[in-house]
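Sequence order for the protein chains is A and B.
With the numbering used here applied, the first sequence closes on residue 101, and no number is skipped along the way.
With the numbering used here applied, the second sequence closes on residue 172, and no number is skipped along the way.
Just so you know, these hints were derived from the structure itself, not from any lab.
Remember, it's a predicted structure, so these values are computed and weren't measured experimentally.
Idealized CB from N, CA, C, for every residue including glycine.
There's no promise every hint is true.
Listed next, the stretches of chain A that the computed footprint assigns to chain B, with coverage defined by at least 3 CB atoms under 8 Å from CB atoms of chain B [unchecked claim]:
| # | region |
| --- | --- |
| 1 | 2 to 9 |
| 2 | 56 to 62 |
| 3 | 69 to 82 |
Okay, derived cross-link-like pairs now, DSS-like style, lysine-lysine, Cα gap no bigger than 27 Å in a straight line [stated by the list, open to error]:
| # | chain 1 | residue 1 | chain 2 | residue 2 |
| --- | --- | --- | --- | --- |
| 4 | B | Lys115 | B | Lys105 |
| 5 | B | Lys105 | A | Lys60 |
| 6 | B | Lys126 | A | Lys22 |
| 7 | A | Lys16 | A | Lys75 |
| 8 | A | Lys22 | A | Lys60 |
| 9 | B | Lys162 | A | Lys16 |
| 10 | B | Lys105 | A | Lys75 |
| 11 | A | Lys95 | A | Lys75 |
| 12 | A | Lys14 | A | Lys75 |
| 13 | A | Lys33 | A | Lys22 |
| 14 | A | Lys32 | B | Lys105 |
| 15 | A | Lys32 | B | Lys142 |
| 16 | A | Lys22 | A | Lys11 |
| 17 | B | Lys105 | B | Lys126 |
| 18 | B | Lys126 | A | Lys16 |
| 19 | A | Lys14 | A | Lys91 |
| 20 | A | Lys22 | A | Lys32 |
| 21 | B | Lys115 | A | Lys(-1) |
| 22 | A | Lys33 | B | Lys105 |
| 23 | B | Lys142 | A | Lys25 |
| 24 | A | Lys22 | B | Lys162 |
| 25 | B | Lys126 | A | Lys60 |
| 26 | B | Lys162 | A | Lys75 |
| 27 | A | Lys75 | B | Lys115 |
| 28 | A | Lys14 | B | Lys105 |
Computed from the model, here is a short list of chain A residues facing chain B with C-beta under 8 Å [unchecked claim]:
| # | residue |
| --- | --- |
| 29 | Trp(-2) |
| 30 | Arg34 |
| 31 | Asp44 |
So you can see what is in the structure, the chains are spelled out below.
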Amino acid sequence: MDWKTVWSEAVGAAEKAVKAKAPGARKFVKSIAEARKKRLELLLLAMADGALDEQTIDEELKEEKAILESEFLAVQVMVKKAAQDAANALIGTIEKALFKGIDFVV
Amino acid sequence: MQSKNKTLAASKWRMAIAVLLACTVSLVSGCAADWVAPHDQASEDRLISAYERINRFYDEITDTAPAERGYPRFARHYADVATDLRVLLLRQKTRANNSESEKITVNILESWEKTREQHRRYSESAERRKNPYPDTKINLDRQQFEDHFKAALIAERAKR
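Bound-form chain A, shown alone (with noise of 0.2 Å):
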């Protein structure tokens, strides 16, 4: 097998490993918007109905921050972890070039 042959592939398998979480982290990245978008009008109504004191208003605004953080922490995850299975892919498929010439030259 040549080299050109192996990296094409492992390149492949990479693309692959990308391509299969994509779909789940901008669908979650979507929602964030949404979710925030209802809180805010919770906030609201319960400001509205005067079932908050100013110091709650105050830590429930630092609470949207809290939220949009640990949103985006999973976010992180799902990058890495596509970063990961990608980088992964593409070694392992190098790997298994690097094996089958073992037996070839031996």
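Mind docking chain B on chain A? Use the hints.
Chain B only, in chain A's frame:
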């Protein structure tokens, strides 16, 4: 004699190539990317179980008459959930390459303690004693935990 030497040299040469290739393969294998902790079913189960407990808590408080929604009546629930979250956090801390899930769990625990403190403060306030946990605030807090837990669960499942 010359032919015997040639065979020996060829055999040594083949051995050297085999060792070299074996080293290359083991080097490449050692390069396997390991940037994210492996999926942990126990963490996922604990997340779901803590979320269930929080939901049951909100169902119970919603079914309680507003004037009886004072903190002392629900103190035990707050303590139980806080313990569950601390145990989960400990588990997350012991996993390598798991900083994101650890931070999400810290965020959930801090949200829980903040909500607990607000409930305690409202229950002690003469102004709010008649309804220390209004329905609109219940809805707001429920959404906060749904969003945090969704992020935590998605992060854990992404590791599969």
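Against the structure, the hints come out as follows:
1. 2 to 9: Not satisfied, violated; 0 residues make the cut.
2. 56 to 62: holds (count 3)
3. 69 to 82: holds (count 9)
4. B:Lys115 / B:Lys105: Between lysine 115 of chain B and lysine 105 of chain B the Cα gap is close to 9 Å, so the pair holds against 27 Å.
5. B:Lys105 / A:Lys60: holds (23 Å)
6. B:Lys126 / A:Lys22: violated (30 Å)
7. A:Lys16 / A:Lys75: With Cα atoms ~10 Å apart, lysine 16 of chain A and lysine 75 of chain A stay inside 27 Å; holds.
8. A:Lys22 / A:Lys60: holds (20 Å)
9. B:Lys162 / A:Lys16: It holds: about 18 Å lies between the C-alpha atoms, which stays within 27 Å.
10. B:Lys105 / A:Lys75: holds (19 Å)
11. A:Lys95 / A:Lys75: violated (30 Å)
12. A:Lys14 / A:Lys75: The given pair, whose Cα atoms are some 13 Å apart, holds under the 27 Å limit.
13. A:Lys33 / A:Lys22: holds (17 Å)
14. A:Lys32 / B:Lys105: Between lysine 32 of chain A and lysine 105 of chain B the Cα gap is close to 32 Å, so the pair fails against 27 Å, i.e. violated.
15. A:Lys32 / B:Lys142: Measuring from Cα to Cα gives roughly 30 Å; hence the hint is violated.
16. A:Lys22 / A:Lys11: Holds, because 18 Å separates the two Cα atoms, which is no more than 27 Å.
17. B:Lys105 / B:Lys126: holds (22 Å)
18. B:Lys126 / A:Lys16: Answer violated: lysine 126 of chain B to lysine 16 of chain A is near 35 Å, above 27 Å.
19. A:Lys14 / A:Lys91: Holds, because 22 Å separates the two Cα atoms, which is no more than 27 Å.
20. A:Lys22 / A:Lys32: At roughly 16 Å apart (the allowed maximum being 27 Å), lysine 32 of chain A and lysine 22 of chain A satisfy the hint.
21. B:Lys115 / A:Lys(-1): Violated: lysine 115 of chain B and lysine -1 of chain A sit about 43 Å apart, past 27 Å.
22. A:Lys33 / B:Lys105: violated (32 Å)
23. B:Lys142 / A:Lys25: Given that 27 Å is the threshold and the Cα spacing comes to 40 Å, the pair is violated.
24. A:Lys22 / B:Lys162: holds (13 Å)
25. B:Lys126 / A:Lys60: Judged against 27 Å, a Cα distance of about 14 Å means the pair holds.
26. B:Lys162 / A:Lys75: OK: lysine 162 of chain B and lysine 75 of chain A at ~18 Å, within 27 Å.
27. A:Lys75 / B:Lys115: Measuring from Cα to Cα gives roughly 16 Å; hence the hint holds.
28. A:Lys14 / B:Lys105: violated (30 Å)
29. Trp(-2): With a closest approach of 13 Å, the tryptophan -2 of chain A hint is violated.
30. Arg34: It holds, given that the least Cβ distance between arginine 34 of chain A and chain B is near 5 Å, below 8 Å.
31. Asp44: holds (4 Å)
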